[in-house]
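Engineer: Spelled out, the chains give:
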Amino acid sequence: MANFRKNWDAYLYVLPASLFVVAFFIYSVVFTLVVSFLQWDGLKAPKWVGLYNYKIIFQDVTYVTSLINTLIWVVLSLIVPVGLGLLLSVWLQKLKGQILFKNIFYLPYAISLTVVGVIWVMLYSKTGINYLLNEFGLKHLAKDWLNTPPYNTFAMIIAAVWQVTGTNMLLFLVGLSSLPKDPFEAAAIDGAGRFRIFFNITLPLLRPITIVVVGMTLVNSFKIFDVIWVMTMGGPYRSSETFAVTMYRESFVLFNFGQGAAIAIVLTVASILVSWFYLKNTVGEGD
Amino acid sequence: MRRVGTLLSYLCISALAALWLFPVLLVLMNACKTLQDYSRGNIWKWPQEFVLFQNIRDAWVLGGLGKGFVNSIGYGVIGAVCSILLASLAAYALTFLRIKGAFYWFLLIYSGTIFPFQMYLIPLYFAYQKTGLFNTFGGMALFYVAICIPFCVFLLRNYMKTLPVEVVEAARIEGCSNFKVYWNIVMPMCLSPAYVLFIFQFTWVWNDLIFGLTLTQTPEIRPIMAGLSSMQGVFFRTGVTTLMAGVLITSIPTILVFLALQRSFIRGLQLTIKG
Numbered sequence: 016m017a018n019f020r021k022n023w024d025a026y027l028y029v030l031p032a033s034l035f036v037v038a039f040f041i042y043s044v045v046f047t048l049v050v051s052f053l054q055w056d057g058l059k060a061p062k063w064v065g066l067y068n069y070k071i072i073f074q075d076v077t078y079v080t081s082l083i084n085t086l087i088w089v090v091l092s093l094i095v096p097v098g099l100g101l102l103l104s105v106w107l108q109k110l111k112g113q114i115l116f117k118n119i120f121y122l123p124y125a126i127s128l129t130v131v132g133v134i135w136v137m138l139y140s141k142t143g144i145n146y147l148l149n150e151f152g153l154k155h156l157a158k159d160w161l162n163t164p165p166y167n168t169f170a171m172i173i174a175a176v177w178q179v180t181g182t183n184m185l186l187f188l189v190g191l192s193s194l195p196k197d198p199f200e201a202a203a204i205d206g207a208g209r210f211r212i213f214f215n216i217t218l219p220l221l222r223p224i225t226i227v228v229v230g231m232t233l234v235n236s237f238k239i240f241d242v243i244w245v246m247t248m249g250g251p252y253r254s255s256e257t258f259a260v261t262m263y264r265e266s267f268v269l270f271n272f273g274q275g276a277a278i279a280i281v282l283t284v285a286s287i288l289v290s291w292f293y294l295k296n297t298v299g300e301g302d
Numbered sequence: 401m402r403r404v405g406t407l408l409s410y411l412c413i414s415a416l417a418a419l420w421l422f423p424v425l426l427v428l429m430n431a432c433k434t435l436q437d438y439s440r441g442n443i444w445k446w447p448q449e450f451v452l453f454q455n456i457r458d459a460w461v462l463g464g465l466g467k468g469f470v471n472s473i474g475y476g477v478i479g480a481v482c483s484i485l486l487a488s489l490a491a492y493a494l495t496f497l498r499i500k501g502a503f504y505w506f507l508l509i510y511s512g513t514i515f516p517f518q519m520y521l522i523p524l525y526f527a528y529q530k531t532g533l534f535n536t537f538g539g540m541a542l543f544y545v546a547i548c549i550p551f552c553v554f555l556l557r558n559y560m561k562t563l564p565v566e567v568v569e570a571a572r573i574e575g576c577s578n579f580k581v582y583w584n585i586v587m588p589m590c591l592s593p594a595y596v597l598f599i600f601q602f603t604w605v606w607n608d609l610i611f612g613l614t615l616t617q618t619p620e621i622r623p624i625m626a627g628l629s630s631m632q633g634v635f636f637r638t639g640v641t642t643l644m645a646g647v648l649i650t651s652i653p654t655i656l657v658f659l660a661l662q663r664s665f666i667r668g669l670q671l672t673i674k675g
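Protein chains in written order, with the working numbering: chain D, 16 to 302; chain A, 401 to 675.
Next comes chain A alone, as it looks inside the complex (with noise of 0.2 Å):
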């Protein structure tokens, strides 16, 4: 009776699963097929012929994503990296240092996570056009920038907390300065959050659409999912198999990340809860 229960799990979950796989075989299936195969039967036929990597030079050159991709991994490398250095450097004055009032410069700094979005899209929308910032790589990897430092200070404190204060005391009291600890004695200890909060930054970076369309116009700034729906919204009637083709390029480099880095991602949900 027991080993009939089991079996039947399995079924269930293997059904389920199948069900969760399904959309990414689809994906998978019709990013391989030519336009008239497409047209010709439907998204669940086998493929008649292999041309994904015209597809995908399509999509590349054709459809515009090569551009959005290379600014992509450029917003998020600048976004994640300078992030994480000055919320390193806010975290640790509010842990190590003598601040007064730390708690509420803190409070000051994790406000940034409260409000929606939709708080500062009219507002970034005119500083950027007079500033002259708007449509701008730089403009955008300010913005990335900016947006990434509240949750790394967030997730930076919690961890700084923890660390054990007597090292830091004893740097100090031969005689370190400030900075020689910081950049000595705590950061060394703070890379693998700083690892996971590359990963993180770096993927909400690559995921943003709105920003993107809000404070970009042109495709040679673009990030590359505001490309991407651009691209949905010339192709999906002329060129599914093209667009699908996108989808893989977009989803790659996270998808990459995501298998590569699993238990980062474990280990970043934990230190996020824990708070």
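Chain D extracted, bound-state conformation (with noise of 0.2 Å):
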């Protein structure tokens, strides 16, 4: 208590930047795990209906494409973008005139989602590339890319790529020139040969790094929203929604705000846990 007394100042210090924190967002989280138990269209009394909104997620079909679509989101942008990124970063780490490759593969993170997606849908329009693929012969695998499921969601997470593949380089690259030289230095005089010391070295070494750029990339692509919403709001038919994108629709569409607080909270949990590993490596242990 005397300690509180003579440094009660130090609290008006944390104070306003705390009470932001739980005005807005500890608030929200108890008031959505609220909703989300209730069937609400905003305006009448609400109605409780327990774990309805939940259970339901996984036997319609509306959310079950949904759930489907986020899945397939999530694991072609680990794939993908960070396979490529780290293929790019090791790629250019040794060539000369680097910095000008970085940065067109990097260009495009300065590039917001939003007008990512207007970029792309100009793209996969009549006059787009499937001109090209007419030009070419191969007018057969021409389609309309942003209307036919499954296509649209692939088409989507194209766009995506683009934008986001040149950060995960960056930040390999980052990693890569932090790592130290003996272990490459050893490896070659042992006469190792180029993947054998990718493999056996660099990838152990960059590990944590990785760590950073899976979690990342778990948490951006499970709650994806502007490209789909941009390019196709979750259509034709709300075949091409995300949870995201589903959560948006039932609540500020349908008004149905029950069951998109419902989404968001599994939306939550999901991607909670994933990135329960990002979360340890950067928090710090206990300080």
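Read the hints as simulated data drawn from the structure, not as lab findings.
Be careful, since some hints might not be right.
To give a feel for the contact side, a few chain A residues facing chain D, derived at Cβ under 7 Å [to be verified]:
{"no.": "1", "residue": "A415"}
{"no.": "2", "residue": "A417"}
{"no.": "3", "residue": "R498"}
{"no.": "4", "residue": "Y520"}
{"no.": "5", "residue": "P523"}
{"no.": "6", "residue": "I655"}
Ideal Cβ positions, reconstructed from N, Cα and C, are used throughout, including at glycine.
Please dock the two separately framed chains into a single complex, following the hints provided.
Structural biologist: Spelled out as structure tokens, the structure:
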């Protein structure tokens, strides 16, 4: 208590930031949790429905589609942009003119996902990629990309890959530049080949940064919204929705707030579970 | 043999780089075209006439992006500056002033980064309706300040832990007040992470779509990405060239920041990762 009296003004420094967090976010989490047990259109009195909103997520075909799409997004985002980013970073590391290539691959990251969506809608239009396919005699491959499931989901993932790969590459490059040189020199002296060096030395040493990249990718791909909202709005007939899009549509288009909240909770649980490793790595232990 | 390998390597990476640049080139090309030129040809055709500035003016005025542009500059600057100030106060107290359970205060604030944004949409929508903050400039600015705080605290706290404690202790022994130590000694040392944070948070606010869609309604208040998204609905059928000019308008600030401050970006990534 004596300590508190002497030092009371210290709390004034933490309070504003804490109040903001409590008022905006902690309050929201509790509110959403409560709403997820209700049937509520925001106007009439809410009705308590227990776990109904959760159960239906795994039964109704709309939500199951959304769940599957979300998983496709997560898995492919984990494989393509992370893999490609790693490949590019190792490739570029020893190349002269590294800076030029680095900037080119990283440039799309300066463009927001909303804008990326707008750009790729044009690329997927009739006179875009389809025109090229026609010109090269591959007419049978041309499709109405954004209106044909499941191609629309893959088409949008390509757009997202274009944007995010550069960041992953940059993170891996930062990681590579901080690696110790000795193991590589030793391996070179021992006559180890490039692939052996990559798999036996580079990859294990890059582990810390890989955890960060994988964590970021998981967290971001679970809640992917902007690209989809701009490119298909989850359509046609809700075939390309992910959880984040379904949540938004249920809440603010269909005014089915209980359902929207339940989906938000499922999304949260899933993303907290998978980002556990990431958090453990960034917060550090118990200081 | 080795030289052939190197050459091949350059060829492959150049091809990939070209592929990466193509969407950007296509945006530039099509933003320069007239609409007739676009609808008669295809997106790959070189523009016949150069009407880029007309298209940009149309996107700015008819497309309504001008208002969103000005709004988002405001939201970005207010959000970033206020959150950095509030967060630096908190980080300072957590690092240098003896606070009981400092780590738990930190966890409380840091918890703001854990949840997906979907958790905040419904409650904030209703709270904003009730308090009259819905669809107001102040309401949006307040929200952006709030959303930027947790990450700023996280990063500034990490950074302050690397500062020499002796300097702070010495100043205190000489009788400086807590606030004086904060403002005259700690903050000047934190300028470089504050700078990085400003870039990060401004970019985040600029790029935000979902909260702009949820918490605003009219073009006068809408931030730029929400504006672009509604413009896309109207202009994709009737004015792709104007829409591409809109793409340029919305991307120019972030691309400029990116080109000018790349080193800060990388430094920021390093700061974030070190943790």
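Engineer: Does each hint hold? Answer for all of them.
Structural biologist: Status of the hints after comparison with the structure:
1. Restraint check, A/A415 versus chain D: the minimum CB separation of about 11 Å is more than 7 Å; hint violated.
2. Against a cut-off of 7 Å between C-beta atoms, the interface hint on A/A417 holds, since the closest Cβ of chain D lies about 5 Å away.
3. Annotation: A/R498 was flagged as interfacial toward chain D, and the flag holds, the nearest CB pair being 6 Å apart, inside 7 Å.
4. Evaluation of the A/Y520 hint against chain D yields a held restraint, the C-beta minimum of about 4 Å falling below 7 Å.
5. Because the smallest distance between the Cβ of A/P523 and any Cβ of chain D comes to about 4 Å, under 7 Å, the interface hint for this residue holds.
6. Annotation: interface hint on A/I655 holds; nearest CB of chain D at approximately 5 Å, less than 7 Å.
Comparing the model with each earlier hint shows a violation of hint 1 alone; every other hint is respected.
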